[in-house]
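We have chain A; now place chain B with the ligands onto it with these hints.
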Amino acid sequence: MNEKSLAMKQINPAHTAMLKVEGLKKYFPVRKGFLQGVIGWIKAVDSVAFEIYQGKTLGLVGESGCGKSTIGRLILKLLEPDEGRIIYQGQDISGLSEEKIKPLRKEMQIIFQDPYGSLNPRMTAGQSIEEGLRTVGVKGRSERKAQVAHLLEMVRIGADAAGLYPHQFSGGQRQRIGIARALSVNPSLIICDEPVSALDVSIQSQIINLLKELQNTLGVSYLFISHDLNVVGYLSDTVAVMYLGHIMEYAPAEALYDKPLHPYTLALLSAIPAPEPDDRHQLPALVGDVPSPFNPPPGCKFQGRCPLVEDRCRKGEIKIYQVGDGHTVRCWKVVGK
Amino acid sequence: MTKTDNKALFRDTGAEEGPRAPRESRLREFWRLLRRNRLAFSGLAIFVFFFFVAFSGLVLTSGTRPVFDPAIVRLQEKLRPPLSEPNLANLLPKEIPTLGVYLFGTDDLGRDVFARMLQGAWVSLTVGFVAVGIAVLIGIGMGGISGYFGRNPVRVDHILLAFIVSLGGGLLIGGAFFAGGVLLLIGSTYILFSLWRKKWSGKQSAQKLLRLLHKDTISIDTLIMRIVDIMLCFPVFFLILTVVALLPASMYNIMIVIGLTSWMGTTRFVRAELLSLREQDFVTAAKALGVSDWRIIFRHMIPNAMAPVLVSATIGIASAILIEAGLSFLGFGVPPPHATWGNILSDGKRFIFDAPWLTFIPGFAILIVVLAFNLFGEGLRDILNPKLRERY
Ligand SMILES: Nc1ncnc2c1ncn2[C@@H]1O[C@H](COP(=O)(O)OP(=O)(O)OP(=O)(O)O)[C@@H](O)[C@H]1O
Ligand code: SF4
Ligand SMILES: [Mg+2]
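Sequences listed follow chains A and B, in order. No gaps in the numbering here: position 117 of the first sequence is 117 in this note's numbering, and each next residue is one more. In this note's numbering, each residue carries its 1-based index in the second sequence increased by 1000.
Read the hints as simulated data drawn from the structure, not as lab findings. A virtual CB, placed ideally from N, CA and C, is assigned to each residue, including glycine. Among the hints, erroneous ones may be present.
[Unchecked claim] In silico BS3-like links for lysine-lysine, alpha-carbon gap of 30 Å or less:
#1 Lys100(A) x Lys1078(B)
#2 Lys77(A) x Lys100(A)
#3 Lys1215(B) x Lys145(A)
#4 Lys1287(B) x Lys20(A)
#5 Lys1215(B) x Lys102(A)
#6 Lys212(A) x Lys1287(B)
#7 Lys1215(B) x Lys25(A)
#8 Lys1215(B) x Lys77(A)
#9 Lys25(A) x Lys1287(B)
#10 Lys1287(B) x Lys139(A)
#11 Lys106(A) x Lys1208(B)
#12 Lys1287(B) x Lys56(A)
#13 Lys100(A) x Lys1094(B)
#14 Lys1287(B) x Lys100(A)
#15 Lys1215(B) x Lys32(A)
#16 Lys102(A) x Lys1287(B)
#17 Lys1094(B) x Lys77(A)
[Said to hold, decoys possible] Residues from chain A shown here face chain B by an in silico Cβ test under 8 Å; the list is partial:
#18 Arg31
#19 Gln109
#20 Ser118
#21 Leu119
#22 Pro121
#23 Arg122
#24 Glu131
#25 Thr135
#26 Arg181
#27 Lys315
#28 Glu317
Pulled out of the complex, with its shape left as it was, chain A reads as follows (with noise of 0.2 Å):
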């Protein structure tokens, strides 16, 4: 964001966030044993604070089991978040009952990683759109069957595909029928849930350029889920780099890319293999795994794997730094106090 749009932001209320989410937390209990006791918690989501503005991308990248999912779920009402507001067009949702939530339903939509679970296997690619045309109240056959037609020309399929069942479609095909059902209902956000992890390469920039292209027409914001943080580079304004439930690093896709400053972050970018070697990344990559969310030990939860970990990492939560515009940092270390 340069210094004229964030001025605009300021005069300008359209400018204000269409999704704010603040401090957004859940926790799922671990139980055990005849009783079914509590014996702990896994932090999916902690303390997790970002906006996503009309329009625009939002990438959020982390390793698999980071809660990535989860986000998604706590902002389509899906789960209910044990704590945090998640206020859209200035209403906060986080607390309305399921009758108040549903006209707001067709606001937020999803499209999925997996492309043979994504779509109902005894329904026609043309039934599963419909079934939103039919939420927002398209009376009409004729108007559904039309309306069925235009979004499978949206998104490229051709208007014959609405009679085919899943199984006879390629997983980029399903993918892009997917889609066509996430716009059925005119949505303002669509959260894309790693929505190209399962596809070859030649058709993740198929899938990817189509994104791309529906945003431009519809003006559509997306939250953009990925473990890759080229693909998010591609399509994000603003990136949000997780790991076990926090967010770590929060910028700019520009910033990110070109002046990373949280130790996950720069380990994730050295992961990828550059086009040139750049002397920025002098950290090794990443060893070992993620380690699991089940009650994870006080202080920064990268230490078990952060080069730079020092016992203070190991003492209280890390605050969250404010490092440039827009541009946050959980770790004490970047800023050196």
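Leaving out everything else, chain B with the ligands in the frame of chain A:
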């Protein structure tokens, strides 16, 4: 690396994805796999044949002047072996068997066993299908609630309400119209009251009572699964015997009682299936679209949960037929003038040495039909289970 570097990686190559793969349809694939599974296929063939026989049995043995009359008594022709010729001199014209020969012999009253077997086939078929139909409907309902709404708690007032309504209904059926009516009235008033109460906050004292009534007990899932466990503790056959002994003997009572005592397996299957389906992405997508709960259950989940239900229903038909035959054998089944395989067998057992066909023909028929349904059910399970497909 900068953000712009990545662009090269994601340049659209312009290459279109391959054309839609026109793979074989589900039905055709199913048929191919079924034909490869010999046992299941022969099970299906016998199943279809039995269906045909039972239907023709209904048509040919009912009415005032049936083609095959299972009720004609010819005492002069009793216990004739299979394929024997009737002694035409002794018979009135209407007593002569339609085929001109006693295909399966005659019983101790000289009745044509072939005609009686035909009539019995229809009984077995309807008892099997209707009983399993009832069981499957209950099973889908209970399993559906358990698997989808299972996490919701049952409140104290739910239990009280269920108790009042069922007691009221019971009294009403039992003949105590006043007491039953009053209880049902109380129950329905409470339902109306709780619907209307949503907008009403009430006084302090009423609040306290409501809080007590709204106290959560166990989850719906736990409640239903414990009911299933309790039902499974009873030896079903003796439960049925007790109930049938209390009720007037009729085909409908038998079907209903068998149905009401064999829904537990289906409930468990449907529940297990729904528990895994509710975590599937397409269900999440439907929820995000705002599709109603009922539509999600009946349009998205139940159709995908039908495979194991179909399998257990097929095998359930076999056991329902067996239970009906057992009841008829013990004399608790369909009342006597009507023939069933069970009571032909039962009548024949007194003559097992003089007229073994009276026991062997119905016994063999029951064996074949039950075996066919079991084989077909097992085959169906293998075919519908993608993980087991490779074996064939
Ligand atoms: N319903 C649940 N009950 C208990 N634990 C859960 C539940 N859902 C998620 N978790 C746990 O929360 C953590 C975060 O899960 P989540 O699915 O959000 O990760 P993710 O970042 O999306 O991972 P992936 O990249 O593998 O999709 C995991 O440790 C997971 O085991
Ligand atoms: S706080 Fe310490 S352990 Fe955590 S990332 Fe920074 S240096 Fe590493
Ligand atoms: Mg995930």
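- Find the hints from earlier in the document that the structure breaks and name them by number, from lowest to highest. 1, 3, 11, 13, 17, 18, 27 and 28
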